[in-house]
Amino acid sequence: MSESKAEKGMQIVRKLMRGGGGGGNLPLPAEFGRMTMEHLFGDVWQGPELAIEERSLITCSVLVAIGREEEQRIHFRGARNLGIPREKLEGMITHVAHYAGWPVAVGASRVLHEVCAAIDEESKGS
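Going by our numbering, the first residue of the sequence shown is number 1, and it counts up by one from there.
Keep in mind that the hints were calculated from the coordinates and are not lab data.
One or more of the hints may lead you astray.
[Unchecked claim] In the DSS-like style, the derived pairs of lysine-lysine whose C-alpha atoms are separated by at most 30 Å in a straight line are:
| # | residue 1 | residue 2 |
| --- | --- | --- |
| 1 | Lys5 | Lys124 |
| 2 | Lys88 | Lys124 |
| 3 | Lys5 | Lys15 |
| 4 | Lys8 | Lys88 |
| 5 | Lys88 | Lys15 |
Fair warning: this is a prediction, and the values are worked out from it, not measured in the lab.
Let's have the full structure, built from the sequences with the hints guiding it.
Structure (structure tokens):
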């Protein structure tokens, strides 16, 4: 029996949000949550054209460009959980700064620092 889109979506979310700190507990309306899991993570994140790490970096880039700091926290942690090095995320922020502006890059740099510091602190307790 093949997996449902929701099950495939949950696999992606688990990879991104292992160890917590993600957006899994967001108070989304039921229909919006279902669409997010089935379509966004069950379809869009599943395509063969890009690896999950590439999709993660693209998502982080877009969130930096549009200045969505709360979502950056979720997806920066997800990127780190996928093994994307902090330095690569810093390089992405620098690159985006030249297209989207310094203020969004400064905010994203602060968020990345906070997320990485939290991950470092959590790993000390493990």
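Given the hint that Lys5 pairs with Lys124, test it: the Cα-Cα distance must not exceed 30 Å.
violated (36 Å)
Against the 30 Å threshold, does the CA-CA distance of Lys88 and Lys124 hold or violate the hint?
Holds - the C-alpha atoms of Lys124 and Lys88 are around 23 Å apart, at most 30 Å.
Hint consistency between Lys5 and Lys15 [alpha-carbon to alpha-carbon, up to 30 Å]
With Cα atoms ~16 Å apart, Lys5 and Lys15 stay inside 30 Å; holds.
Holds or violated: Lys8 and Lys88, Cα atoms, limit 30 Å.
holds (27 Å)
Can you confirm whether the C-alpha distance between Lys88 and Lys15 stays at or below 30 Å?
holds (19 Å)
Of the numbered hints given earlier, the model fails hint 1 alone.
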